[in-house]
Amino acid sequence: MERISSHQFVVLGSAVLMGTTFLPIASIVTEVAGRDGWMSVLPGFVVGIPYGLMVISLLEQYPRKNLLQISDIILGKWISKIIGVVYIFIMCYFGGLLLGQAGDIYQSSIMPLTPIGMFYLGGILLVFYLVKSGIEVFARFSEILFPLIIIALVLNIGLSIPRIEHGELLPILSEGIRPIIWAWLKVAPFAMEYILFLAGILTFLPTSKRELVQLKRGVWRTVFLVGFLNMLVVLIQILIFGPGETVRMVYGLLVLGKMVEISRTVAGVESVFLGAWLGALIIKAGAFFFTVTWGLETVFNLKGLKWNLGVGVIFMGIAFKFTRGPDLVMEIGLVDNYLILPFAAVWILTLWGISRWKGAGIS
Amino acid sequence: MGSWMKMIKELTIRPKGERQIRKSPAYSFDEDLKKPLSGQTVKEILSKSSDVVFREFFLQGKDRIPCMLAAVDGLVDKNLLDQFILTPLMVDLARHPELTQVTLSNVVDKTLQSLLPGLEIKKISKMREAVDAILSGDSVIFFGNLTEAIVVGARGWANRGVAEPITESIVKGPREGFSETLRINTSLLRRKIKHPSLRIISLKLGDMTNTDLVITYIEKIASPDIVSEVLKRLSKIKMDAMLGNGYIEEMIEDNPYSPFPQISFTERPDVLAGKLLEGKVGIIVDGTPIVLVVPAILTQFLNVNEDYYQRAMVAILSRFVRYVGAFMAIVAPSVYIAVTTFHQEIIPTDLLMSISAGRQGVPFPALLEALTMTVVLEILQEAGLRLPKPIGQTIGIVGALIIGEAAVTAGLVSPLMVIIIGLTAVASYAVPTFDLSLAVRLIRFPLMILAGVLGFFGVTVGLYVILIHLLGLRSFGVPYTSPIAPLRIRALLQDTFVRAPWWALKRRPQLMDVEDPRPNGKG
Amino acid sequence: MKTERGKGHKFILRLTIIACLLFLTGCWGKKEVEDLAPLLGVGFDQGEQPGTFLVTEQFARPKKDSSSGAEIEDRTFSVEASSVREAFEKFSEVAYRTPFMGSLKVIIIGEDFAKSGDFNNILDFFQRYAEFRRSMYLVLAKGKAQDILNLKLRSGLLPAMAIKSNIEGGDEISVFPTVRLGHYLTILGTKSTAPIFPVVESVKSREGVEYKEDGKDEAGEIRIHGAGVMHGDYLADYLTDEEAKGYMWLENDVIHRLINTVDLNENSVKFGGQVLKANTKYRVKVNNDKMEIQYQIKTSIAIDEILGPQKQLSGLEWVELVKQAEKDFAKVIEKECESSIKKERELGLDFLGIGRHIEQKNSAYWKTIKDQWEAEIADFPISLEVKVTIHHSGMSSSSASNSGGEGQE
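Residue numbers (this note's numbering), protein chains in the order written: chain Y, 1 to 363; chain D, 1 to 523; chain L, 1 to 409.
In short, the hints are calculated from the structure, not lab data. Computed from a predicted structure; not experimentally measured. One thing to keep in mind: the hints can contain errors.
Unchecked claim - Covered, in the sense of this in silico footprint (three residues per stretch, anywhere, with C-beta under 8 Å from a C-beta of chain Y), are these stretches of chain L:
id : segment
1  : 128-139
2  : 353-361
To be verified - Some residues of chain D that are not near chain Y, with every Cβ distance over 12 Å (derived):
id : residue
3  : K35
4  : S114
5  : K126
6  : P196
7  : H343
8  : F445
9  : I489
Just so it is clear, CB atoms sit at the ideal spot from N, CA and C, and this is done for glycine as well.
When you get a sec, could you build the whole thing from the sequences and use the hints?
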């Protein structure tokens, strides 16, 4: 059985939670909360902490089992089967959409003439290779890439500082607190994507007492690190573009990447940054691919290369269905808000509640 | 740290299939070797080879015992033989007090105990031992038709002596290198580590060549798992010939299809000692100055032992240069292709103008231009490699200067392309290990093609595929990319991209399961 | 478990498949660098037909020089079209190279076109198409943009490049605003602030600068002078040089400035100097029940030039003179700012972004006056506070003009 260390758990978790959230997030929160949007980012991610802790505490009770197996124990066979099917469906669908995002990002920003299928193909190739190499290699992959992604992000933000327009952040809270709460609701699904991944990876986590404490601390760290970075991303975009422009731009950070100029000569390094973003996307899509295969294995007992190939084909199919950029962005938002958020919120809360109640009843 | 140990243990190192190459046919002398030991049979087996000499004489004790000394001419030190074997037995013995007691039945023991001086001397009673001993350079004395014989070690053959290694030259540090003789090599190692825990285990490999090799490691430091894995893999090798390290290397590698070297080698005793003290296992093969060291990790191929002899700051700088060089050697041509054919926006306008002007009239697309130039570069390297030194230089001048200059003037390639290729070549020489620089040269081509087809997307995908491949590699159970992933903070900070000053190297770098993490363990 | 050998075969098979995929499908979106025509500048003028405009595109054509360097040739076209894409289509029919937009430096808007409006529609292409960057410059042209781009400059630079280097060197004198596309779009997003553009004009000999002309009465130089204020889509008015300078002070855009007090009449001694650093802050405060915006300009100046003093000054007198200089410089700056504020009130256009400042500091109050803001500008109280510090006065403490023998100490 493969295992990942608690450190790898933190890095892998952060990479999955981060994914490519930094690309659309500014546009999403600014649309709802205007120039105060940045304030809702960190609270939105923090939702992940209680849920993450719930999942870990379930792991503590049922070591070496993933959440579907735990559902099986707690909720009975049939309900858990239904949950499993929904879970697989969501993960598969969203994973495919993410793959589509890779194509959309590349095609709309630097390589408009290349057929979009090539980007899907490159992406799925990497994801498939990762899945084939196993969770350990996946964890190591994120261990190497995540720091690179952070460096790229910080560089992108740092190099954009000269473009800041003065006073774009002011006035603070001119519209009151309500828009921020709405924006908070828009961010929460990002945290839930991470929680759903957590639900699957449980089997590979260490379960000794000391490690469990570290895992819990890991959830805190992950959420705060990613929340903070994303907040910076939103902040810099509002500071540079102003709220009006930030909303208009589909992937604001890419535009920022285009504006980066190093001593007035080297400009347009976004194609280099895109390499890092591709890595982030691969990790996230890979995570969803992994969860789908785990789900299939748990619910239907299907595993092996054949089924993996099948999942890959479905991913490609979904991606090809959304070759229209605006459709894709729309669909990702819909799945986030109306599938992932309610599903994860209800499922995990129920599981945790029942296991608590049962535990209390026994003792 | 605990989880790491667990991981190592839980990982079953991939079982190696029985790799049998060229199984030896049943030679007729296999039968002979099963016969009881006797001088006469040995003579029958070996007399067809003119280099084996048989010297027959009598030992005059209580009985007159017919004796025969067999040795390979050229492998034995004749002076030693004369002085310490033949002379004592044939001449000096006349005055020996115990001589009168020597009979045919006790001649072997008496000779061993009191008649023969000399250090390496032992009794044998098997045919195979006798033949092996003779062929390995020892001398064997047979007594009458007894089934026991005495092996006297008086080896002495032409050898190169201890010379400065060619592949790992160094500015500041010891100059001695291994040579082709196993014993000299082990003695060089022993001189570095004078500690009882240094283990040197002998093996023989190769059905025909009967090559000696030793496995060396330090008890309590090297992981027993790795040692036993090495022994297991070596014992599975079945082949006739074992003429050098390369034979073993390929047979015990984890993933022979990977372009990356998974076993490191060295020609220097100081390096070997240092590696052993890190917990690695060395394999010294007789007949080659190259010592294999396992397990190997990627970053160590970019570090050289001179780093440890220089001051820390200097070492950090030169390591940094090497890493940058390696990276450039891999990506420089592909980045050039991607940038000039897909992502021109990245080029500053002025540079864009001059690149564009430089490429006016060049008939080939950038991809083809770069591929051709790289192939030419490879040819030049290959051509210069095996030529005698003076001619090799001519190749360099003709190839690089004349062809390059002429190609630019003729408008076949753009000047910038020549610069890029030149840069790549120089950068790949910054990779200190030959094996790794071969891998780098190999990777370059697919990356260039990907760059020519898909621009930076292709390059990124290519690099990620290589990365995933590297992450999946293991060398004797140790992940190839450690200590970066899985992260071992201490090893990473101490001795990977940087070398911490000696006083900061408090513990051994824990790349693997080290049993005794004692401070300042490195040699 | 698969055997090693089987794995190897698969690996090779996979490689072959990938290689085939790559090679059989060809290369998309690939352009060799020498086939590109780098676009440096675009100009827009009013077209002859209604609804069309004249697009002037300045491309560079790199040519191999004998001495391994690159020589840039000018290829400038003007096309009448009703969308920018159409213009590029027409261009492509003539030229044999792919236009490359990534190198676009400057967009020039002709005077007549700016006055007629509708150029936000044109700019949409530049902010949407992926090859462009938001860091390119926007300028207004006095006269036709086409004429500016068709100038043959004495420096040998293409006009677009010349404008770019003029703008980038603008930090040294800070007399005209620098407007990048991204900045312009952000300003548009504030709704209350009127955008402002620097104005580029051709300079014939004896129009301020004299030089030896190449042709008969043809302009050979180019300069950026003053600014233009936009009202929505069209050009409302030009700012004079002084008004533009005032704008620079109030916007905190002054980095270095060359400044003199020659126009002040009060003092016989005149000063010239260089602004070393400048900082403008603003405060919104309540003054007699009414809101007021107060600008505080702090600047350090080094005196480089003193005109007028006839005698060697003693140490004390020298200190006095420097204090005098501080006052004079402050007056000059005030005058510049006031002229700018006056212009703002006259136009009823908030190009100084005062509305935005109020919103930043007191958003509740801003909401009450937001809707009638344009009317409010005319009498919204604005106060100024200028503080000048003279850092040093160059290498000497007296002027060379004083006659010898007098007051040598």
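Hints versus structure:
1. 128-139: Holds, because 4 residues of the segment 128-139 of chain L bring their Cβ atoms closer than 8 Å to Cβ atoms of chain Y.
2. 353-361: holds (count 5)
3. K35: Non-interface label on D/K35 holds, nearest chain Y Cβ at 55 Å vs cutoff 12 Å.
4. S114: 64 Å, holds
5. K126: Correct as stated: the minimum Cβ-Cβ distance to chain Y is 49 Å, above 12 Å.
6. P196: 36 Å, holds
7. H343: 4 Å, violated
8. F445: 18 Å, holds
9. I489: 9 Å, violated
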